[in-house]
Each structure stands twice: as structure tokens, then as C-alpha cells.
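Student: The primary structure of each chain is shown beneath.
2 protein chains.
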Amino acid sequence: MDHSEDLNWKIFFEENSKPSHFDENVKLIFEVCQQAAIKKHRVALVTSGGTTVPLEQNTVRFIDNFSAGTRGSASAEYFLEAGYQVIFLHRSKSLEPYSRHLVGRSIFDMIEILPENIIIGQKHQVELRTLTEKYQQYKCNLLMISFNSLSDYLWLLQATTQKMQILGPLALLYLAAAVSDFYIPASQMPCHKIQSSGGPLSLSLQLVPKMLAPLVTLWAPNAFIVSFKLETNETLLESKSKESLEKYHHHVVIGNLLHSRKVYVILVDRSSSPPEEIRLSDSELESGVEIESKIVENLKERHTKYYANHKTG
Amino acid sequence: MDHSEDLNWKIFFEENSKPSHFDENVKLIFEVCQQAAIKKHRVALVTSGGTTVPLEQNTVRFIDNFSAGTRGSASAEYFLEAGYQVIFLHRSKSLEPYSRHLVGRSIFDMIEILPENIIIGQKHQVELRTLTEKYQQYKCNLLMISFNSLSDYLWLLQATTQKMQILGPLALLYLAAAVSDFYIPASQMPCHKIQSSGGPLSLSLQLVPKMLAPLVTLWAPNAFIVSFKLETNETLLESKSKESLEKYHHHVVIGNLLHSRKVYVILVDRSSSPPEEIRLSDSELESGVEIESKIVENLKERHTKYYANHKTG
Numbered sequence: 001m002d003h004s005e006d007l008n009w010k011i012f013f014e015e016n017s018k019p020s021h022f023d024e025n026v027k028l029i030f031e032v033c034q035q036a037a038i039k040k041h042r043v044a045l046v047t048s049g050g051t052t053v054p055l056e057q058n059t060v061r062f063i064d065n066f067s068a069g070t071r072g073s074a075s076a077e078y079f080l081e082a083g084y085q086v087i088f089l090h091r092s093k094s095l096e097p098y099s100r101h102l103v104g105r106s107i108f109d110m111i112e113i114l115p116e117n118i119i120i121g122q123k124h125q126v127e128l129r130t131l132t133e134k135y136q137q138y139k140c141n142l143l144m145i146s147f148n149s150l151s152d153y154l155w156l157l158q159a160t161t162q163k164m165q166i167l168g169p170l171a172l173l174y175l176a177a178a179v180s181d182f183y184i185p186a187s188q189m190p191c192h193k194i195q196s197s198g199g200p201l202s203l204s205l206q207l208v209p210k211m212l213a214p215l216v217t218l219w220a221p222n223a224f225i226v227s228f229k230l231e232t233n234e235t236l237l238e239s240k241s242k243e244s245l246e247k248y249h250h251h252v253v254i255g256n257l258l259h260s261r262k263v264y265v266i267l268v269d270r271s272s273s274p275p276e277e278i279r280l281s282d283s284e285l286e287s288g289v290e291i292e293s294k295i296v297e298n299l300k301e302r303h304t305k306y307y308a309n310h311k312t313g
Numbered sequence: 001m002d003h004s005e006d007l008n009w010k011i012f013f014e015e016n017s018k019p020s021h022f023d024e025n026v027k028l029i030f031e032v033c034q035q036a037a038i039k040k041h042r043v044a045l046v047t048s049g050g051t052t053v054p055l056e057q058n059t060v061r062f063i064d065n066f067s068a069g070t071r072g073s074a075s076a077e078y079f080l081e082a083g084y085q086v087i088f089l090h091r092s093k094s095l096e097p098y099s100r101h102l103v104g105r106s107i108f109d110m111i112e113i114l115p116e117n118i119i120i121g122q123k124h125q126v127e128l129r130t131l132t133e134k135y136q137q138y139k140c141n142l143l144m145i146s147f148n149s150l151s152d153y154l155w156l157l158q159a160t161t162q163k164m165q166i167l168g169p170l171a172l173l174y175l176a177a178a179v180s181d182f183y184i185p186a187s188q189m190p191c192h193k194i195q196s197s198g199g200p201l202s203l204s205l206q207l208v209p210k211m212l213a214p215l216v217t218l219w220a221p222n223a224f225i226v227s228f229k230l231e232t233n234e235t236l237l238e239s240k241s242k243e244s245l246e247k248y249h250h251h252v253v254i255g256n257l258l259h260s261r262k263v264y265v266i267l268v269d270r271s272s273s274p275p276e277e278i279r280l281s282d283s284e285l286e287s288g289v290e291i292e293s294k295i296v297e298n299l300k301e302r303h304t305k306y307y308a309n310h311k312t313g
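Chains as they are written, first to last, in full-length UniProt numbering: chain A, 1 to 313; chain B, 1 to 313.
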């Protein structure tokens, strides 16, 4: 990391102020880490959903990254079931563990009104019993923290990973959020809504400093770190994923393509070449297997080895 | 409307193809209009939520307009309760009538698991009974159609208003969606994800043709048409709202400011000067009155007069 990169991420935090409820959220995060450290529990930070980049200070318009939070919310469930405490740092209103299974259906269609009671209708009983039981079982191991903008996200990412230092190699970072590469610095944003009477609009966006650099070296030097690389062009997937690993020196880059991300990923690490692949078969897909179950199983094994090599005391 | 404007909206539809499920949705819309026309029922088209503008053809990034769909989803409920059939043309995953009251709460926290049955817990029974009853009562008067992009929205808006022609002055259009003013024509979009290694990003956005012009004159010449003007700068609110009414010759422009939109709006029409105002008092706000209940009450009365003056046969 050269000196200029080092300055860029610091400048970003100087120029963009903390999100609301920041101190309360950081306190909650610290409490989870502290308790887990005492009990030697593993903690996974799962980031999920897209970040927004405001185009105006009184924000009416913003640039968004496509992400429903499918990967993150599904993975959070599998980390919980694999015994992890989970900090789920997600875009507000993106998919969440367990409730994701009900999206697109109305609860009012599942409820039956009886004179004395209101109940879940017969044909939804099995599904809702299973989901509610899981939710209620894992709820106390799940801390949900939400963000909207790029700046909110980066503030919370920095604070969370710093608080997770107390966990040493028990910490796993699973960076599945779709983070914007470009933004408009606050000082260059118009104050009011851009008027369309001004004719066509030209926007000039700056590069977001690469936060993986200070994250790996400064904020979370002992954590097991997994990042994602989403591409649309298959020919770039492996090279872009390798490039990212070589640049930041973390542990795994999961490469995926926009159109096949639910059935195929590659796992690029420092030792395996060609990279390990996870691909769902047609029969797995038909029977409802989610690729995140296999990704988490694979990572848990890698994390176990990592922990065995890095634990102290 | 001069000839060049006329061309621009036509060109937009030539350059942007129909959304998926378009023909099925238009069929559903036509059936609702046909039935209502026979029974002489009023129909309100309520548009709600923001439109997206893709920056890439394989869409990873897009520009979005801030809108949770609060105004539209609340208004749809009040139109239903005022006796309208409602076509709710809304951004996918934005707020919806009735379920909007449960946002931010997990249904799994409301469910109680009994050995033989799963029920709604005691302290949520009253609220969920009321909401479920309303939902089940009005469900058959509510057609939900969703969109994501600007182009999806405009295709559906054109088709819906054209199908509503059969209703004559029984049709009310309540255009509360936050529609983008700018877009990138498909021909100017890169095919793949924009690479951040290319350095800072310059975007050049074109003006979206003003669809209210053909809507008022060609698609829905007999409907009662209400549009919204959202501003952040108070000094521009009245003038911008009037300007819009004078330009398009429709019936009401509801002006509102980003920061006070839940307590204050102005209703600009062709005859009243200064414009009518609706403002919630502190006590109304405290007791849970929503400004949309008063807006809809006001518009229903205006629509009744309009219908009395315009009905034929």
C-alpha cells in the first residue's frame, strides 16, 4: 500500500460524517464481540445488499448497485446453522435471514380470522412453523445492523472490523455487499434537487478509495477475510479475482458472474491453481439446495484450518 | 405541444422495449376497467415509488429516485375505502397498502408456536385482525402491478391510461411515482459492468421526454388527472407547481417539499389562487391521522364535480 492510497481512505472518513445511531450500533457490536471472545465463539460479519451514492445533499436522487441481498441473507442463515454468531450488516430493506423466504407473499393471505382468535391458515402452518422455529432459535446469535449510503456502510465496516480484533482468528469477514466503486464528494454535490429545466445532465464521479487495503492491514489483521468479485464478463472473472487477492493479501476471493451467480462460483486463494469451483447440479437446484450452503460449508473448513494455524494462548 | 416534443416520446418507446409480462398485465388492467365501466364504478390509477435508470445494459448499477412509496401506498388505502377500484402501479418492493403498517417488524416475532397450532400472539391480535380484515375486504378491488425501470413504468403508464379511456370521466389518475427526469439511452450504455480501473467516471444523461403531455392530450383525454411536484427548495414550490399545470393543462398539481411532505401540501388547480393548502395539526399528527386521508377526501370531492360536468349519456 503506497502512501497516497493510505491518505485517500483517511480523507474519505474526514469528508463524510458518521451515520445516525452510529455510537449505539458500535456499542451493540462491541458487546457481541466481547461475549463471543470470552466464550471462544466464532463470529462472522456478513455484509449484504448494495450501497447508495447520493447525487444531491438533500437526497432525491442516488446511484444504487443492483443487489437484493440474496447471497448475504442466505449465507447468514447458513453461518448461524454452522454455529457462528452473525453480525449482519445489510442495506436497509434488503433481504434478511428467514423472512427472505416470505418475500412476494402477503402475510394477510396466510392469516385466518376466527371469531375468538387469529391463526395461520392450515396450508401455511408447516412452512411458518419451520421458519419461526429457526428464527426464534437463532435470533439471539444474530445482530442486525442496517445502512443505506456508501458512507454509512464504510463507517460501520471500519468500526465493526476494529471491534472484532478482540476475536483474533475467531473472526470471519464475509464481504458480500455490493459496494459502489464511484461517488460524488459532498463538496461537489448540489444542495437542492437538480432541475431538469437545466437540460441534459453531466455527472462526474470519483473513485471510492479501496477500503480492503486498510481493512486487511490495519482494521482486521488477524481475521479470516473473504471478499467477492462480481463480473458480467466471463473472460475477466478469474483474472479479476486473482488480481484482487494479490493486491490485498487476504484469504479468499469468491468470483461470480451476474447471470450464473446462483449456480456457480470460483474460490480463489493463495495456494490452489486452478481455483476451486462450486457448481450446483440440476438435481440439487431442483431439490432447492442453495449454493450458499456449500460456500459456507467450504469456508467453515478453511476457517477451522486458519484458526488452528493462528490461535495463540 | 409542439412537433419536436411529440416526436421525443414516440422515439422513447421505439428505443426502449416492453417490460416482461407486459401483455399479461395489460390484459388484467383492461379486465378491471371493462368491469368497472359496466358497473359505473370509479377507478383510481395510483402510481407509487421511484423508477430506476440503468447505467449498463447488464445492469449492475442504476440511478434511483428516493421514494419508499409512502404517499402512494397510503393513498391507495384511502381510495379503496372511499369506494374506488384501485390499480396500484408501484415500484417492485416499495411499500404496499396494508402491509406497509408492518414494515420493520418481523412476523416471526408476532407468531406463537403451540404444539397443535401456530397463532398470532396475544399482543398483536387486535392490530393484525384489523389489517387482515381490511386487506381481505378490499383485495378484490385492488390490482397490483409492479415496475423497476423508468422504461417499464412508462410502458405500463401508457397502456393503463389508454385502457382506462373506456371509463371516461370515471377514471382518476394519481401520479405519485417519483419518475426520473434523466436517463441514458440504450444505445449509449456500455454492455458490461463499468470497470473502476478506468479511473473517474463521467456520465452524460439525457432528459426524459415529458410524458404528461401525450398522457393528457392523447392517452387519457377524459380522465381527472392529478400530478405531484416534489421540491426541496420552498421558494420554488408554488411557481413550479403552477408552471406544470399551465404546461400540461390537467386538473390538479399537488406541490410538496421533501422535508414537510407528511404534514403539508398545496393543491394547485386552474381556478383557485392562492392554491388550497392541506396541513396536519400537531394533534392530528399525534393521533395518527395521515395527510393522504385528507388529500384523497379533497380529490374525491373534486372528482365528483368533474364527473358531474363531464358525464355523457
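Among these hints, one or two may not hold up.
Copies of one chain are not kept apart here, so a pair can be met inside one copy or by any two copies together.
[What the hints assert, rightly or not] For lysine-lysine, the following DSS-like pairs were computed, each having C-alpha atoms within a straight-line distance of at most 27 Å:
| hint | residue 1 | residue 2 |
| --- | --- | --- |
| 1 | Lys-40 | Lys-210 |
| 2 | Lys-300 | Lys-262 |
| 3 | Lys-123 | Lys-39 |
| 4 | Lys-240 | Lys-294 |
| 5 | Lys-311 | Lys-123 |
| 6 | Lys-311 | Lys-134 |
| 7 | Lys-39 | Lys-210 |
| 8 | Lys-10 | Lys-139 |
| 9 | Lys-27 | Lys-294 |
| 10 | Lys-123 | Lys-139 |
| 11 | Lys-27 | Lys-262 |
| 12 | Lys-247 | Lys-123 |
| 13 | Lys-311 | Lys-40 |
| 14 | Lys-134 | Lys-210 |
The hints are simulated quantities; they were obtained by calculation from the structure and are not laboratory data.
Student: If a hint holds in the structure, say so; if it doesn't, say that too.
Tutor: How the hints compare with the structure:
Taking CA atoms no more than 27 Å apart as the test, Lys-40 paired with Lys-210 passes in neither setting, with 31 Å inside one copy and 61 Å between copies. Taking CA atoms no more than 27 Å apart as the test, Lys-300 paired with Lys-262 passes inside one copy only; the shortest distance there is 20 Å, against 48 Å between copies. Neither within a single protomer nor between protomers do Lys-123 and Lys-39 lie at most 27 Å apart by alpha-carbon distance, with minima of 41 Å and 35 Å respectively. In this assembly of identical chains, Lys-240 and Lys-294 lie within 27 Å of each other by CA distance solely inside one copy; the values are 23 Å within and 55 Å between copies.
Within a single copy, Lys-311 and Lys-123 get their C-alpha atoms no closer than 49 Å, and across copies no closer than 47 Å, so neither meets the 27 Å cut-off. For the identical chains of this complex, Lys-311 and Lys-134 are neighbours neither inside a copy (31 Å) nor across copies (58 Å), given an alpha-carbon limit of 27 Å. When the C-alpha separation of Lys-39 and Lys-210 is checked against a cutoff of 27 Å, the pair qualifies neither within a copy, at 34 Å, nor between copies, at 62 Å. In this homomeric assembly, Lys-10 and Lys-139 never come within 27 Å of each other (Cα to Cα): the closest approach is 35 Å inside a single copy and 53 Å across copies.
For the homomeric pair Lys-27 and Lys-294, neither the shortest alpha-carbon distance inside one copy (33 Å) nor that between copies (42 Å) is at most 27 Å. In the homo-oligomer, the alpha carbons of Lys-123 and Lys-139 lie at most 27 Å apart both inside one protomer (25 Å) and across protomers (20 Å), since each shortest distance falls under that limit. In the homo-oligomer, the alpha carbons of Lys-27 and Lys-262 never lie at most 27 Å apart, since the shortest distance is 35 Å inside one protomer and 32 Å across protomers. In the homo-oligomer, the alpha carbons of Lys-247 and Lys-123 never lie at most 27 Å apart, since the shortest distance is 52 Å inside one protomer and 54 Å across protomers.
Taking the closest pair of Cα atoms, Lys-311 and Lys-40 come within 27 Å of each other only inside a single copy of the chain (11 Å); across copies the shortest separation is 76 Å, beyond that limit. For the identical chains of this complex, Lys-134 and Lys-210 are neighbours neither inside a copy (37 Å) nor across copies (50 Å), given an alpha-carbon limit of 27 Å.
Of the numbered hints stated above, those contradicted by the structure are hints 1, 3, 5, 6, 7, 8, 9, 11, 12 and 14, listed in ascending order.
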